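Here's the letter readout for the chains.
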Amino acid sequence: MESFPRLSAAGASLLDRRGFLGHAATAAGGMALLDLLAGDGLAGDGAAAESGPIIPVIDPSDPYAPRSPHFPARAKRLLVIFCAGAVSQLETWDWKPELVKYDDKPLPGGPAVTFQGPAGNLARPQYDFKPRGQTGKMVSEMIPHLAGLTDDIAFVHSLTSRTNTHGPAENFLSTGFAADGFPSLGAWTTYALGSECADLPAFVAIPDPRGIPQASGNNWGPGFLPAEFQGTTLSASAPVRHLVPPASVSAGADAATREALARWQKRRLAESPADGALAARIASYELAARMQLAVPGVADLSTETAATLRAYGADDESQPLKAAFGRNCILARRLLEKGVRFVQLFNGAYASGGELNWDGHSKLREQYDRHASILDQPAAALIRDLRARGMLDDTLVVWCTEFGRMPFFQKGAKGRDHNPDGFTCWLTGAGVKPGVSHGATDDLGVKAVSDIHPLYDFNATILHLLGLDHHRLSFRHNGIDRRLTDVHGRVIREVLA
Amino acid sequence: MHASSSFSRSFPCFGFLGVAVAGLVSLATPAPAASPPDFVRDIRPLLDRSCAGCHSGEEAKSGLRLDIRAEAFRGGDGHGAAIVPGKAAESVLVRFARGDEPEMQMPPADANVPALSPEEVAILAAWIDAGAPWPEGIDRASLVDRRDHWAFHGVVRPAPPAVRDERWPRNDLDRFILARLETEGLLPSPDADRARWLRRLSLDLTGLPPTPEEIDAFLADEAPNAQERVVDRLLASPRYGERMAQHWLDVVRYADTHGYEVNTERANAWPYRDWVVAAFNADMPYDTFVRRQLAGDADRDDAATGFLVTAAVLLPGQIGADDASKRLARQDALNDILINTGESFLGLSIGCARCHDHKFDPLSLRDYHALQAVFTGVTYEDRELRSAEADARRAEIASHRAAIASLDAARTARAPLVGNGSPRASVSPRLNVDRIVPRRATRVRFTILATNSLEPCIDELEVFDAEGRNVALASAGATVISSGDNVAPGRHELPFVHDGLEGNERSWMSNTTGGGWVEITFAAPVMVDRIVWARDRKGVYTDRTAIEYRIELADGADVPLEQVADASDRQPFGASAPTQAPGDGSAPADGLSEEDRAALAGIDAEKTRLTARIAEIDRGLTVFAGRFSSPEPARVLHRGDPEQPGDEVGPRSPLAFDDRLPPLALPTDAPEQARRMALADWIVHPANPLAARVIANRVWQWHFGTGLVETSSDFGRSGALPSHPELLDWLAADLVAHGWSLKKLHRSIVLSATYRQGDAMTAEGLAKDSGNRLLWRYPSRRLEAEGIRDSMLAVGGLLDLSMGGRGFDLFRSRGGLNGFPPVETFSGDGLKRMIYAHKVRMEKESVFGAFDCPDAGQTMARRRQSTTPIQALNLINSPFTIQVAEAFAARVDRETATGDGSRVERQVKRAVRLALGREPTAEELVDSVVLVGDHSLVAFCRLLLNTGDFVTIP
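Those protein sequence lines, which keep their order, are chains B and H.
Heads up: the first sequence is residues 2 to 498, going by the numbering used here.
Heads up: the second sequence is residues 15 to 968, going by the numbering used here.
The hints are simulated quantities; they were obtained by calculation from the structure and are not laboratory data.
Quick caveat, the model's predicted, so the values are computed rather than measured.
One thing to keep in mind: the hints can contain errors.
Using C-beta positions, here's what the derived DEER-type ranges look like [claimed, not checked]:
#1 S497/H / E318/B: 32 to 40 angstroms
#2 A66/B / H93/H: 41 to 49 angstroms
#3 M118/H / D487/B: 47 to 55 angstroms
Derived DSSO-like pairs: lysine-lysine, alpha-carbon spacing no greater than 30 angstroms straight-line [to be verified]:
#4 K106/B / K415/B
#5 K131/B / K448/B
#6 K415/B / K340/H
#7 K448/B / K621/H
#8 K552/H / K267/B
#9 K364/B / K434/B
#10 K412/B / K267/B
#11 K102/B / K138/B
#12 K364/B / K448/B
#13 K782/H / K364/B
#14 K412/B / K340/H
#15 K448/B / K75/H
#16 K106/B / K267/B
#17 K102/B / K339/B
#18 K434/B / K412/B
#19 K434/B / K106/B
#20 K131/B / K339/B
#21 K106/B / K77/B
#22 K106/B / K75/H
Covered, in the sense of this in silico footprint (three residues per stretch, anywhere, with C-beta under 8 angstroms from a C-beta of chain B), are these stretches of chain H [what the hints assert, rightly or not]:
#23 858-866
#24 953-962
We put the CB at the ideal spot given by N, CA and C, even for glycine.
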């Protein structure tokens, strides 16, 4: 956006702010004016924070029409790899050699009680770390394949969450609010940008083969945004619900019914051509019909080569969960290739004492061995495959988890409790500066101490890379202009290319 | 120090004052400083350049405004005075600009404005040290009275305006609509035809389409009051209350689960839902409706206060064990009560003042916490319903439960003895009895040696003495320890192994795969007769079952354990049929005597009878309507942070309304119930400007899709302005004048000429008012999710009109590892109206959830009407649609056995009449006859359920 000429100072103040824009946005010329502002960089981050909300205008008969970003976007589409259950930063990306030194010693001045109960002694990282790539950054042996991508990744090690409870924290990560009921990042994105794919859902959530995450549909829900922007769940093993009628309906009857329905509706529309709701309805059935054709095609992995299946671990019969996740990873790539705007790929399900997701309270090493073997190779293969196909030029990849874990074990257990005060997520791909480690936790990993970023900032950064100003992308609900980042959020410029 | 207006002198609260006019901001470069610094020459340019972007105007960040003298001196939220005249070192402005606190460095790096140079900071400091001379009268903005807002002024009943076309209005409200249309040069639309009006009215008032018979009767009714009688019939129908209750439950975000991560069942929420339905049906005066929901316990109307606790809430087991987590969770829970109260009844977004003074409305942080003091004695819990009838039912249930317990004991007392020489039944996930020769003991240990899968889980470990008393119960004084636990709060916890409650949802799980033990120590030594245990007495789960185990007893803490039973004399796991009902786990091989068999049959019959009786009377005795106890102190929390408590405050209505109506102001030690009653009094006080307007507007919205105020839960200064302010006041005044009767309000609306208009678009209307805010046509719109489902069942002849009770399930299981697999075809209870579904928060119903059905996360004042391909897929392909289409076709077939013309034509006509309330056109008839002939009537019924006409309020 820096390359765009800015409005003169006087012009900027003339067009100030709510007073004018608030009204202009409802008038016919409102969007044009917003476009002008966007072109002048005022719709970007920072200085424009005080300018008015941008409320996309949605045509009900074409709700997924592509819409322009607020300023030139680095990324056109987004893959979010969401590791449910709170992956320990200390076993993965945030190397703490001091923990080795103080292994099994109490943390002086540490909390007596954390989320689940009494705290035990400090515990060393449960995996060895090795220097990786050109940067030499230390990354865990738990995830050797992902570690091989270190040079391409921008890590943020100093994230914080508002809550230490999984459900609210997943809400916070995915919706910007700990409470239930707010729109998800994917809903905001597709609401803002529409879709570039005419026959697939704009926003697909791929649940883990082990089950749904803790906050379930909140992670892909529309909240109070129109239902058009809800994520559609689809995985390599679970098709879109109601994509086809039950077997009792013959193909011939089905086709004849649809055709007769279309004729019926069009006759009605001819009687009242200005009926926009009916026009939208007809359009929605047409899109549904295209989805019926397109979804089975995109979900059909039989055209993938044996080499691809192997690369993703999707052929690993000895590890059915890894193979299933690998197939989901291939599906994610296929969806992105078709132009799906937002793919949310889950790794990990419900808490279940850490058996089915990353919630390693009691036997972290044993459980992480299993979980890592499911995540690592397929997810790394997916990112490499995207790069090999040139897609990382305009696809942003986000790896995230709802919070981190404590540097000490829980009393009487071999696992770590919830820690919302300093954890790691990362970005790679379009618009991301490669090989960056931004922010830091203290020497033991108790909490973030430098360049501290609440998750608001992480979400603000994601929107920014999509060409969206998190301060301004808004939806008016109950009299409040709601945003993904509430009244918070700063773009983390250090991770931008 | 604040702006000099008569208002601010009489009312010294800055929070009510906001920006009036912002002038042009000049961005001049600061002149080189000469001493002493001059505000206009030296200081203001710095503020304009580096600060004003965020710290001016009404939405100034952190509540700090530097464009108004008084505000700048006062400072923003929580940092104290920005400017302390004479003391630069104490002035936040200087400290932050200088970077004394790196995290608060101003301006922040990403603000993209120049930071203050050290020289500039020095100029600023010098100015403040010189007394911060800021001349009066040069501020670029001035403060306005935030109370001066249309909705905060009293309701004054306006005279209906004169109109040019005196023939059009049917009642006074039409005059307001017509006068406005005439002013804008628009004409109202011609009346809709009678059949269309009836369909609109029926869907609107009851959520169900009119039957062909109702249509015929109405069309044949030539009496001048035919419309009135139809309206009265529909308002008297119980279906009316169901329809309106759905609207209200959206506002309060009712659900039958607790929400958040575990989303467990809120088993006793539904009596509140039924209360709302009944209140609408009884035309409970709206002021009473408000009072009861806030303080129904004062009138022994207990279910009504379910209103207070409709929001999602974290259960104790989900909240962190640390105190800060608990305090935050409590504040969150209280906040939701305030949101419900403020938005539902007052149209005020009071929740916005939780952390800072409201940005727009005259609600301060202090007001928020003073209002919170009304509710600090309320917790999210069940409460027993109080009435003589409820007490009698409870007593009867208790006696039946006791009888069942003795029957169970009698049954297990007949189990074969351990080691009797013949093989005992296999271990059953559902119930196992290990009866021994009675033996004295103080403790029992149950050790699992192998499971059929995963870590073992035991729902209840019972130990009976010879008299049939369960001595292992915690309530009998027994205590428990274990080898280690997998804890899922509220579901798997060690104490649940002896809490007397059955089923997986109250069970103990070991943390060891295939092993673990629990040990129960009794309150006193007992003669142990038998040990009874199971994986899941409810029979849902069969995994995690202990298939190899050892039971040991000891008579004393230091006496070694001795084994008394194990699985070695049982048949191998899976060899005998699993026990089908709670019994003794015995199989015929046990060789019971005929006498024992007969006795057992008698016991089972009696138990079945008692269980059925309990199920019949044990509904709605307990209601999730809040528990009331001595209020916690309410404190003004700095930034809403419970770790930063300030002054204690007593219950108090917002100060800004004090000159409108008598304030609610109670001492900090006021009794709990009195607080809620006082708030109810304040809300429905005749002089309260909001309550009547807000509900009148909601009712209008329920009939026209959009309220006169579009933001129906926000009447504040950031809400929308009313399209017809006088009409709104007229409706509000009329409502109060008619004893707050909502049915009277509905009646005058639906009998109006405004409501009777056709819905056709006109070029003129679209050009002048494309959004139809002036109502030049009736705003036809898509039915809500529930209306579509209910209408489908109705035309299919499947709808079960029985009312109330625990909701029917939309999902086969609720959360956990199984997720929420949907029920796809329905029978029994599942054919009731959708308002009677068990509403799972956050999980949308698999077919109709996609039709903008709220997920009960946040309040939903007004539903959207989006149109999506997922809706299309659901409505055309779901098994539910096919199920209904088949029933619909069968019904049509039955009802067209005789008549004129071809059978297929009769079928098509009848189906269209049932579904759409009209005759098919000639083209439709021809096309449809072909479809039915080539394929089936079911195919045509499926088509009809997917038409725009079917799902539209016309």
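Status of each hint after checking the structure:
1. S497/H / E318/B: 32 to 40 angstroms: The hinted range 32 to 40 angstroms holds for S497/H and E318/B, with Cβ atoms some 36 angstroms apart.
2. A66/B / H93/H: 41 to 49 angstroms: Holds: the Cβ-Cβ distance is about 46 angstroms, inside 41 to 49 angstroms.
3. M118/H / D487/B: 47 to 55 angstroms: 20 angstroms, violated
4. K106/B / K415/B: 14 angstroms, holds
5. K131/B / K448/B: 23 angstroms, holds
6. K415/B / K340/H: Roughly 25 angstroms between the alpha carbons, so the hint for K415/B and K340/H holds.
7. K448/B / K621/H: With Cα atoms ~58 angstroms apart, K448/B and K621/H exceed 30 angstroms; violated.
8. K552/H / K267/B: 53 angstroms, violated
9. K364/B / K434/B: With Cα atoms ~36 angstroms apart, K364/B and K434/B exceed 30 angstroms; violated.
10. K412/B / K267/B: 68 angstroms, violated
11. K102/B / K138/B: Roughly 20 angstroms separates the two Cα atoms, so the pair holds.
12. K364/B / K448/B: 22 angstroms, holds
13. K782/H / K364/B: 68 angstroms, violated
14. K412/B / K340/H: At roughly 21 angstroms apart (the allowed maximum being 30 angstroms), K340/H and K412/B satisfy the hint.
15. K448/B / K75/H: 27 angstroms, holds
16. K106/B / K267/B: 75 angstroms, violated
17. K102/B / K339/B: 50 angstroms, violated
18. K434/B / K412/B: 40 angstroms, violated
19. K434/B / K106/B: 38 angstroms, violated
20. K131/B / K339/B: Measuring from Cα to Cα gives roughly 37 angstroms; hence the hint is violated.
21. K106/B / K77/B: Outside the cut-off at roughly 48 angstroms; violated.
22. K106/B / K75/H: 45 angstroms, violated
23. 858-866: holds (count 6)
24. 953-962: That given contact holds, which follows from 7 residues of the stretch 953-962 of chain H lying within Cβ reach (below 8 angstroms) of chain B.
Figure legend: structure checked against the earlier numbered hints; hints not met, in rising order: 3, 7, 8, 9, 10, 13, 16, 17, 18, 19, 20, 21, 22.
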